[in-house]
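Novice: The listed protein sequences derive, respectively, from chains A and B.
Per numbering that gives the first Met the number 0, the first sequence starts with residue 0, numbered consecutively.
Per numbering that gives the first Met the number 0, the second sequence starts with residue 0, numbered consecutively.
The hints are simulated quantities; they were obtained by calculation from the structure and are not laboratory data.
We put the beta carbon where it would ideally sit given N, CA and C, even for glycine.
Check the hints yourself; a few may be wrong.
Claimed, not checked - Residues from chain B shown here face chain A by an in silico Cβ test under 7 Å; the list is partial: (1) Thr57; (2) Asp61; (3) Val63; (4) Leu172; (5) Ala201; (6) Gly283; (7) Asn284; (8) Val285; (9) Trp286; (10) Pro304.
As the list claims (entries may be wrong) - Calculated Cβ distances over 10 Å to all of chain A for the following chain B residues: (11) Lys6; (12) Leu11; (13) Ser71; (14) Ser105; (15) Thr119; (16) Asp123; (17) Leu140; (18) Asp151; (19) Asp186; (20) Tyr230; (21) Pro260.
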Amino acid sequence: MTKAFKKIVPLLFISLLIVSVAAITSVKLVSASNSALIFTPNYHVDGTDPPGEESYSNSVANMIMYYFSNYGTNYYYLYNCQGSSATRAQYMSSLSYCQSNYYNTVVYSKGHEWTWGNSNHYQLIPNDYNSGQNNGVKDSYDIYPNTNLGTDRFVVLWHCGTAMAYPSSQDSYGWYGMPYDFTHNNGMNLDGYGGSNLSGWYVFLGFINYSPEYLTGTGYQSYNYGNFVTYFYMYLLQYHYSVNGALDAATRATTQYGSFGAWPFHTGMYVNGLWSKCWVYGNGNLGIPS
Amino acid sequence: MKLSIKKALTLLSIFAIIIVLLVQMSSVNAATVPTAKDKALAFIQDVIQPDMSKYNVTLVRDIVGQPLIQPSATLESVDYHLDANGSGLDIICEFQNNVLTGAEVSTNTSSMILSNYPSTNLNDKVLSVLEGYQTYTGENLKDMISVLANVDATQNVTKISGDIKLTIQHVPLETDISLRYSFNDTDYTGVTFVFRNGQFYAFKDDRSLWVIGNTDVNINMPQAIDIAKQYVQNYSYTLDNGLTVKGFNVTSIQAGLNTYPRENSTTIYPYWSVQLNLDKVYPGNVWQLSVGIWADSGTVFLCQPIGFGGSPPAATPEQTQSQPQSLISPIDLSIVAGTIATIVAIAVIIVKKRSK
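Pulled out of the complex, with its shape left as it was, chain B reads as follows:
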């Protein structure tokens, strides 16, 4: 009996030790998994590179939601405010399923980011940002860094090096630098950095959002155009008012390779996007037909009439003129009632005083 009590106590002690160890291990795990807030701070330090000693950092909001449009995904937005004597930066980082997919910087003044990296040279800056992103992700991005290191970022550039396609586009507001994986003339996923006034403005990385199915391009552009032209010869669409429209005259065609998911998944495949411009506007305000053809099989999977929302340049001569309507609202009625009541009450008081 005594022995069995001892045994029981020993077993209990061993069990307790195991439990304590398990709890400690799980807490260690929890501490080592960075949260979106931690990741956002790391991104700010590594990529945007402000001089953190000059800023007070405040977490403005951290919102987690399941977007209605993509209910299976978790979308978290972390917003930090960096303040340096009234000169502030708001930095929003977006995470999908806890992976950084986008970021944006806005300033409350026209002041520059107080940076650890004070160079005003755009070439240096974009390279520094990409190297910082390599540090942040821990990935080997040397192929991207290499292609970017050998171009002049102040010019519009399109360059393919291995599987990486670099596009630098200068538009009135900003410079967009896009580095995407490219196979068989088709651009897949990648990263985009946006600079405004020579400073980091925004960022997008969609590599975690899409899986590449295959990269097979078995038909060429002339074949794709022939398939699309043949397809629309027998194509018709029916408007919501019951009118069936067919017999389209095509005047010009544009075609290009792009990617599209199959069967509502996030796995993407190359396809030929063929736009057929029509000779006139067809019923439904349709001016173009858009045809999608899988590049591996040549199968048409999409044919869509493309419309627009009105016809502003066409003058509609005024035939009848409606008169402006004035509608009495509840606030008007209450003011009227109040005014009447006030007048009547004052009148009663005056009459009462006089009668005395």
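Extracted from the complex, chain A is given alone in its bound form:
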């Protein structure tokens, strides 16, 4: 019994070692794959959206999910997180989970954003936001520590002010701004759409000042901004366009303009008295990770 035990114990440990190594290797294999997170928090306690915007935002998110499900290459984790599921904790745990298990993470989020800290920090407003607790998804506190591996390579934040405060620096509240805190890359091209010699492996799309609501018309027939976003993901995933190509093609489909570069949505337009625009950092010549 003792002899047999002596023989079995090393064998057991060697087996455990092999299993563990295999587990680590398999994680590495899995980490060559991609994940996509789609957040539509629809915070409405304070009446932040016009009527119908919440349900329409959900349907746009469902369309994006459809394109990932049917045409995404090597996407092994898709999470369409809407309404009450899109809490602050869920943003953080999902980001952490994806960066730990997948080589690339693609993030899309649509909603509101307010400033905090010295007004140079930004927080996404989750579904469980409580103004008394000021518990938004804060850039340096909540995003930064859960994206530190730098795997969030393609990020679209359709919230106000998400392209502001870049390049980033530190203050008493930490690194400010969504572009850096999602990508951990302070060297992205400052004009990822129109710049020359674009390089790198990151794309960040956000807003200088205000983002329009999805139900707002683009001014071309009956198309609205939700249609633009849907076409954008369709061209990225179903038709394999680059980010800039998809921006151009979606612009042609839903506006009177021939390219994203001429549309005031990108060149700048007044929204509620503020000069606002949709902006791209990084390398817009990249396609969506595959």
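Since the structure of chain A is provided, determine the placement of chain B on it from the hints.
Specialist: Just chain B, lined up with the frame of chain A:
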């Protein structure tokens, strides 16, 4: 009996000949109908005009889909790569229901398109592109060519000639040249060419996508503004949290003619688009009301509160600070397990050796 066999054979022979002829005719028809790939190549040669003798042409992809957003339409994208010793062009042509509706050129280097038409003069270039498009479509576009031939494309221009409205707009990245059919101060469908660094970059033609219903504009701008102002006096909207909002103070108004489809069709009609800016941000982050009024009847068909996605300039003083969260992930656990197992196995081997 013999006669009837002969008859039968004759009939069979005639039948066979008819079948063969029909098959031949259908194959001839199939051969004469150009595919999207053929059309894309023709567009590249006629409109973009690269010197094809200097390029190797490769079909990168040809994808046909039914867009979820417009399930009744067929959207085909044809992507050709033109390579000249590493200096490459990618040209994507988009077809809706087999009609070209858009195109775009991207380069992998900063090199210029090796062109059959080497002029660097923008005026010459845009004219050459439009004439090339006339060749491609086989349509008579002389009205468009005529209006474009008489302007300086290096300047911002708005010019109406007959039913054609030409707009040339220079923005930091590019020059956009738009030629649209225009009736009663309303722009309908047309073509747009985009040039970057003096070269063809993109193109859009929406003439096949929309049918013009009527062009009647029976009310003028002051009348449209009055209708919109009256309408919003009694207008209210209810937020998803149940709050009803009404009683809006309008501070300024913009209005313009545009087109909009009726009854979810692709037939478009002129309407007055009236934007009423409000004195403050109302619940729902609403700062503007957008009113649509049919230009033929003066009927309001759309009133929409326009909102935005947050309030970045307004400082929110920090009251409470949450601590950064560190979450243990599956990869961390597997590494920990592996490390422990390795240490234990090595320890067992050492103990075993020592005991020997």
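Novice: Does each hint fit the structure? Answer for all of them.
Specialist: For each hint, the structure was consulted:
| no. | hint | verdict |
| --- | --- | --- |
| 1 | Thr57 | 15 Å, violated |
| 2 | Asp61 | 11 Å, violated |
| 3 | Val63 | 10 Å, violated |
| 4 | Leu172 | 4 Å, holds |
| 5 | Ala201 | 5 Å, holds |
| 6 | Gly283 | 4 Å, holds |
| 7 | Asn284 | 6 Å, holds |
| 8 | Val285 | 6 Å, holds |
| 9 | Trp286 | 4 Å, holds |
| 10 | Pro304 | 4 Å, holds |
| 11 | Lys6 | 59 Å, holds |
| 12 | Leu11 | 51 Å, holds |
| 13 | Ser71 | 15 Å, holds |
| 14 | Ser105 | 7 Å, violated |
| 15 | Thr119 | 19 Å, holds |
| 16 | Asp123 | 20 Å, holds |
| 17 | Leu140 | 17 Å, holds |
| 18 | Asp151 | 19 Å, holds |
| 19 | Asp186 | 8 Å, violated |
| 20 | Tyr230 | 17 Å, holds |
| 21 | Pro260 | 6 Å, violated |
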